[in-house]
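Q: Just need the whole structure built from these sequences, with the hints factored in.
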Amino acid sequence: MAQKETYIKSWLKDFWGIATHELRQIFSDGGVLLIFIVAGLVYPLLYNVIYLNGVLNDTPIAIVDEADCAQSRRYTRELDATREVEVAYRCVNMDEARRLMQERKVNGIVLYPRDFGEKLARMETATLSVYCDMSSFLYYKNALMAANHVMLHEIGQIQIERYAAAGFTGAEAAALVQPIPYEENNPYNNAFSYSIFLISAILLLIIQQTMFYGMSLLAGTMRERNRSFASLPDTLEGHGIGRVILGRGAAYWTVYLAISLYIAFIVPAIFGLPQRGNYWDILLLLLFFITDCVFFSMTWSTFITRRETVFVLFLFMSPICLFLTGTSWPVTAFPKFWKLFSYIFPTTFGCQAYINMSTAGGDLLAARSQLFALTLQTVIYYFLASVMVFIENRVMKHREEIEQRRDALAARIGIDRTEDARIIAGE
Amino acid sequence: MGTWHEIWAVVRRELRIFRQRPVYLIGSIGTLAFCAIFFLTFFRDGLPHDLPIGIVDNDRSSLSRNFIQQLDATQLGKTIVYETFEQAREDMISGKLTSICVIPEGMYADVSANRRPTFTYYLNSLYFVGGALAYKDILTMINLTNGAVQRQVLRAKGMNEREIMGRIRPIDIDTHQIGNVTTNYGYYLTNIMLPGILEMIVIIIVIYSLGAELKYGTSRHLLRVSGDSMLNALAGKLIVYTLLFFSMGLTLVVLLYHWMHFPIAGSLWNMALAIFLLVLASEAIAIFIIGCLPVPRLALSIGALYSVLGFSLSGFTLPIEAMTPWIQGWSAGFPLRHYYLFYVQEVIFGAGFAGWWQEVIHLLVFLLLPLAVLPRLKKAFIYQNFPKE
Chain B
1 MAQKETYIKS WLKDFWGIAT HELRQIFSDG GVLLIFIVAG LVYPLLYNVI YLNGVLNDTP
61 IAIVDEADCA QSRRYTRELD ATREVEVAYR CVNMDEARRL MQERKVNGIV LYPRDFGEKL
121 ARMETATLSV YCDMSSFLYY KNALMAANHV MLHEIGQIQI ERYAAAGFTG AEAAALVQPI
181 PYEENNPYNN AFSYSIFLIS AILLLIIQQT MFYGMSLLAG TMRERNRSFA SLPDTLEGHG
241 IGRVILGRGA AYWTVYLAIS LYIAFIVPAI FGLPQRGNYW DILLLLLFFI TDCVFFSMTW
301 STFITRRETV FVLFLFMSPI CLFLTGTSWP VTAFPKFWKL FSYIFPTTFG CQAYINMSTA
361 GGDLLAARSQ LFALTLQTVI YYFLASVMVF IENRVMKHRE EIEQRRDALA ARIGIDRTED
421 ARIIAGE
Chain A
1001 MGTWHEIWAV VRRELRIFRQ RPVYLIGSIG TLAFCAIFFL TFFRDGLPHD LPIGIVDNDR
1061 SSLSRNFIQQ LDATQLGKTI VYETFEQARE DMISGKLTSI CVIPEGMYAD VSANRRPTFT
1121 YYLNSLYFVG GALAYKDILT MINLTNGAVQ RQVLRAKGMN EREIMGRIRP IDIDTHQIGN
1181 VTTNYGYYLT NIMLPGILEM IVIIIVIYSL GAELKYGTSR HLLRVSGDSM LNALAGKLIV
1241 YTLLFFSMGL TLVVLLYHWM HFPIAGSLWN MALAIFLLVL ASEAIAIFII GCLPVPRLAL
1301 SIGALYSVLG FSLSGFTLPI EAMTPWIQGW SAGFPLRHYY LFYVQEVIFG AGFAGWWQEV
1361 IHLLVFLLLP LAVLPRLKKA FIYQNFPKE
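Going line by line, the protein sequences match chains B and A.
All the letters of the first sequence, read from the start, carry residue numbers 1 to 427 under the working numbering.
All the letters of the second sequence, read from the start, carry residue numbers 1001 to 1389 under the working numbering.
What the hints contain is simulated information worked out from the structure, not anything from laboratory work.
Honestly, I wouldn't trust all of these hints.
Just so you have them, the derived chain B footprint on chain A, three or more residues with Cβ under 8 Å [said to hold, decoys possible]: (1) 1120 to 1126; (2) 1140 to 1153; (3) 1172 to 1178; (4) 1183 to 1193; (5) 1307 to 1318; (6) 1356 to 1370.
None of the values given here were measured: they were computed from a predicted structure.
Ideal placement from N, C-alpha and C gives every residue a C-beta, glycine not left out.
A: Here it is in structure tokens:
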């Protein structure tokens, strides 16, 4: 019994020592603080400011009205009145409109052909053309949505006139024009705002990426100074991987708990993003997510042997992780390989769960599959991090032998490493 | 030794560094290759298909079944039928559905009796592309259904097909997507994402390369090799990097517009020019950052923060004009923004020199940046008086 107590005691003592040491390291390193504080605190604000409006209004379009009839003029007026587009120019021919588009004064062109009015008068189908600038899909979406909404409205108007001519009036005509009226609900993101769908994903992505970069910076620094965190206390004779990992993890966990609370609750409140979720539900999600991120970062930072290489090797993962969250390109359309690949990252599940809870107002039940995945990931990454620490310990013990082998290998393929070093650094 | 000899010596030295430290080539060629594979395979389909659309069929008539089958048969949609709205809603909140259609009870009977039943749909626009496309799909289908009902009534009244079409659809729109005829999402994103990644690589690697000289204390040796000339040292280094990055960029352009047949209205070689200028401008930015702040760790962190912002501020997703006015100006400080404007002129409109000459000037202006910090960088290289990490 007494022995067990000392084990727990020494465990806790080691744990505490490692955690506080790591905290001191974090707060005495300018580079890490720059990533944690500037990136962690300022980036969420910056992205919110960039995507502040998030909605593109009044995309300028040019009108080429070859028909010049009452209907085309009415159509133009109605287009101008939509939120999506604004009639900026009226051109006499397509050449002029095309030039305006190339000069980027307009992002769309609406052309009424010469027979537009005639066809309508003959009760045939009149076709108008919409030309969209595809340099941004939002231009395309705006021009097309405006043209379609006006078209549906106009069709209704014209049909009523035509049915009246055919002898249907009142309720009968209405029932013919639209036998099944429809009601549209877009509960979470009414105007298809860019900020609402993108920011929610970016916020959690910032947590994962800054933690990974910061931790890797520190891990790289320590390895450069030959005192990797993986070095276990000598007294333990090779045991104690658990307290090293949990102790170091606890330091980051504490720092990121604060940063995450800021990112997930305060930032959305500042910018008026929807916060429909239950506070405690989201807090619980964050706890799962941060824990997962800690072990994720710890595992992958093993590959960073020098301080700065994390940016050289892994910076490009930030945009890729964003696509892998599935907020823009739908998960159902992921190719199989990339779907499996996305399981590597905590953000894949964390962002979805956060979006569903915070923006759509889901509860823990709605996010159960993501929470389960996060838990599974945490367990796997804890295990992997332990394996990495174990391997690194072995490597450190046999460092000289490995160096010798490397030199021998280089010599065999004709590279003189000492000669290289001399050319690079001089004597 | 002459200037050329000194520059050549720096070039040879730089190549030795590549051999000694594989991180340079892995971080540049490896990274770009991975991203190219990612973006070209991830958006392989161009447009997503079989988006899950939840259906709550309260009617269970031939009309509602027909509607569900038709929606399921569209390329975009895949219907999943739910017993109750509650179940469907729960799946939408957990992100499994792009939308829900609720078919009202007695729809068929109501339609037959001219009572106009209301069809309701709910969109999940938190998953942007999926939500927007499902919206389009449902809207098309409900309007087609309306048309089908009208057609039956008008047929019963004895009208011929031509008259019926004129009444059902008096106005039609034909859409022309300039620069991306198939509305291919992959073309749209990859065209800018990959050059953006290249910009990121150039900035990070160049900062790292110059920073490493400070960090490992080899900067004095570098100056000795280059004959005590910062200009020679930079020239030697940049010859190597420009060759490396430009050949990567050229491969990228050929890959996109030739091998993968991305639509391009103008000329591939003009895009090669654009990539070349993008590489030069990014190198200039990198030198400027490390020159202002000759502390490798801080310069790299700042380079990372800067280049990540480049994607948003190039304005190819959310256009710049939709941003807050005081943010709009910032975009000019990112080479990727000018590359994007160049690309719009060349790839989308095929406007040629008349369209993009201003962007060439904007990109060249970045090359003045290093001049401002060259003396400072040289001092740092000589005295090594900044924190080494």
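Q: Compare the structure with each hint and give your call.
A: Verification of the supplied hints:
no., hint, result
1, 1120 to 1126, "holds (count 7)"
2, 1140 to 1153, "holds (count 7)"
3, 1172 to 1178, "holds (count 7)"
4, 1183 to 1193, "holds (count 4)"
5, 1307 to 1318, "holds (count 10)"
6, 1356 to 1370, "violated (count 0)"
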